[in-house]
Amino acid sequence: MPPKDQSAVGSLTPLSPAVFHILLSLGEGERHGYALKREIALRTGGKLNLGPGVLYGSINKMLELGLIEESDDRPDPHLDDERRRYYRITPYGRKVAQAEAARMRELVRLAGVRFGVPKHA
Amino acid sequence: MPDAPFSLRLYQRLLKLYPAGFRENYAELLEREFRDELNESNGTAALAILWIRLIADLAISVPSQFAREVTQDARHALRLWARHPWHTGFAILALAIGIGANTGVFSVVNALLLRSLPFHDPERVVYLRYFFTPHDSAAQFHEWRRQSTYLADTALFEQFDANLGGAGEWRRAHVVQASSNFFSVLGAQPVLGRGFAPGEDVDGTGWGPPGPNAVAVIGYGLWQELFAGDQKAVGSTIRVDGNPLTIIGVAPPGFDYPGKTVLWKPAAFSPGNNGWETVARLKPGITWPQALAAFAIEADRLWPNRTALQRIKYPSTITELRDELAGPAKKGSLVLMACVVLILLIACTNVANLLMARTADRATELSIRSALGASRARISQQLLTECVLLSLAACAAGLFIAFWTTSIAAAFQPAALASQAYSILDGRVLCFTIAASVVSGLLFGVLPSLYANRVHTFRTRGSTANRSSRLIREALVAAQVMLTIVLLATSISVGRAFLDLMHVDRGFERTGLVTVNVSLEGTTHEGDSRRLAYFEEALARIRRLPGVRSASATECLPIYATSFMGGRFGMDGGPADENSMVNPVFPDYFRTMGGRILRGREFTEEELQSEARVAIVNELFASEFGSPADTVGRQVTTGNNPVWRIIGVVKGMDYMTEGANSPQIFVPSHSPGGFFSTFVARVNGRTEDRLAMIRDAIQSVDPQVPVFGVKTMEQRLFDALARPRFYRTAVLCFAAFALLLAVIGIYGIVSYTVAQRTHELGVRMALGTTPAHLRVSLLRQGLLPIAAGAIPGIAGAVLSGRLLESLVDGAKSVNVTTYAASVLFIALIAAIGIWVATRPIARLDIAEILRTG
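Heads up: the protein sequence lines correspond to chains A and B, in order. Going by this note's numbering, the first residue of the first sequence is number 7, and it counts up by one from there. Going by this note's numbering, the first residue of the second sequence is number 109, and it counts up by one from there.
The hints are simulated quantities; they were obtained by calculation from the structure and are not laboratory data. Note that the coordinates shown come from a computational prediction; the quantities given were computed from them, not determined experimentally. Treat the hints loosely; a few may be bogus.
Calculated pairs, EDC-like style, for lysine to aspartate or glutamate (alpha carbon to alpha carbon, straight line, at most 16 Å) [as the list claims (entries may be wrong)]:
| # | chain 1 | residue 1 | chain 2 | residue 2 |
| --- | --- | --- | --- | --- |
| 1 | A | K67 | B | E177 |
| 2 | A | K67 | B | D613 |
| 3 | A | K53 | B | D165 |
| 4 | B | K759 | B | D613 |
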């Protein structure tokens, strides 16, 4: 079983962009793989376009780490496709995402102090 | 989308690149993703972009998933190993010795038989034996070589030892005089200066006339040593046996043909010199059969009227130079290679046996994993990772052993190939090591994998699976026993051949004999009378030393001398069938050497001083002309001219050199101090303790005379037999190691059986069977695989014995008694192992077993 204590939360950061984006998407609700991929591409303006191997490789790793889990529930029965697998974020995954966000916020703050904040970021 | 089915099929195939675990979980999802993306890709350009992205995705994700699963499996394997450190350590050690010994011996085979010589196009360079090219004058030789129909060019060379450097700073070195085209025939270019020019080889005797002939090419090592690599070496003078030679070039690094030569000079041709050897380069386009046919015709033309006996004793041959150089080491190395391959096979069967036992132990774990959804491929992948990991660990350890083996082999292999250093840091050798590791990994990994698949199929730890596992392991033990018998018989055969070699009657007594070499070439003692005076004085001083029983000297010491004077001599005008060797010796030579005088007597001091025309012949020479008993008083003749009067007949001495164990004629030494001049002294007490004393006595006559080779005769024999002794020791070690592996294998299987059957054994003891009875029953079962392995083992040993007879000089197939003794020996050692392994039975707690059962 993966370690889930507070110290382990910190040890997982920094997260790879793919993992953080998957957590971000699942923070809103359950998704299947393809939906995750499309949402991430949309959010990043196509800059992060995950291929199937990298996407499911990341999902595999996140399942093993206990950041996400498979879900048996289907959010909308009309749109459901039984052959797809749905994933949802775990409380541990939420904590790790929070830790990553805090780390990033601290980085942004530090960059602001050093370089100033541009008016049109 | 006309390409959709093709694209899909292609992607499905590419998905197989993923490791088993990932594939099982995600292949379906990945395929579905692909379908979705495919549906959205309209047009050829979109399809192309999709494929580019997919290939990039595969390139990133496949290695990372592999690394992930292999790391998981490796961690799992390491945890398992940590639980059985002895098993693991033994498996790695067994394989490491197998792989290491194979790599070491292969590096020798590689250097001897596979790697190229440091010559241009070396496979076209040939060595011609018993082929007498015209060589009375330079012009005669060059005219002959130019008219050959099958040889592009031919070179002659003569090799000998000489004193290099000035008085007091001399060193003994191997030098060569060669025809001017020597370097061009071999295809070697000097790295500095030039090779010999046409016309530099001339007619003359000894060191040849001064002028164009007094030049030399020196070896790369000598250049570094004497001139520290200075380019000004070219043009400077070097003295060889006192003769000044101008250095004209430096040979390339690694070039020291023939046999550690450090200096080459142009030949001086003189009629009657029989010391020439011949190398040649085949004409382009001439095939090997064509060359053989043309050579046979020419050999007959150059040596007409050869008798049948001469054809058998001195067959003219043309061989690739590499084969000629490898010589006896080639066959010996092949025998060693076969032995180490057997060792590796035994090690593999042993490790397979261990892994089988462990896989059987893990049947429950594998069944559970299988029930939880792990596929056959996933479990096999895990077992394969374990095997590969084990192989790699053994491979790394094996390289250390190979390094060690290689340095031992380098010490015992022939000097002719000194430029061919044995190294494991060679592409071919390292490829061999990796291949040996992979093949052995597959060999010992395949059975446990197959067994794991059975477990998977049955999804249970059934008694059938157990029984089949035991059968496989017993078959493996039988295979080990079979291979061990072959190795044991081989070692006995090689060992006996060596013992025969040690105890052969060489015609002299090797113990209590001190030998010291001197060379008067280039010293102030030139000239017959001065040479003789020097030797007389040195002998007088040796004889005065305490502990010296007798002393003498010879121009050709057995074992040491490699070239000889000789000629066709007869008796009382009767012609001889073959050449006789002529060896000048001093009075007391046979008494000192421990030789046997069969008739007559030795030379006297007066005969030596008065240059009396007397000779002592060996039994072989005498028997060619009648009874040795009637030989004394007859004349040694050339044609009808008497040369020497025979005053004694002796038992011949074994020179261990080709051509020297022929008829021998000993004459008084009027002009000593040549190439192989040696003082011999028979001493009391410990021979080694007398060496320094005798050396000092000789040096005290004239400190400027080079004195070297201060050794006991036993040391010389020891050195001469180094290679056969090395083979014997190596093969014995291999046999002992094979036996050890086999016994450990048998011990392992029996102790495992005892552990597995504890409950059953406990019940049987509760029902009244005694522990001793149970142990005897297990002993019987344990000996069964040995009996099963013995039959094919003996068959294999008989076959290998026949092969050995052709490969190792003096090796004879072992007889039936020895086979039987080998099998009994293995059975006895195994029986002890089994008895020890069944010891826990006596300590079984029946009450505990029945309660927990």
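Evaluation of the provided hints:
Between K67(A) and E177(B) the alpha-carbon distance is near 11 Å, which keeps this suggested pair within the 16 Å criterion. For the hint linking K67(A) to D613(B), the alpha-carbon distance of about 78 Å lies beyond 16 Å, and the restraint is violated. Straight-line distance between C-alpha atoms of K53(A) and D165(B) comes to about 15 Å, which keeps the hinted pair within the 16 Å bound. Between the alpha carbons of K759(B) and D613(B) the distance comes to roughly 10 Å, so the proposed pair stays at or under 16 Å and holds.
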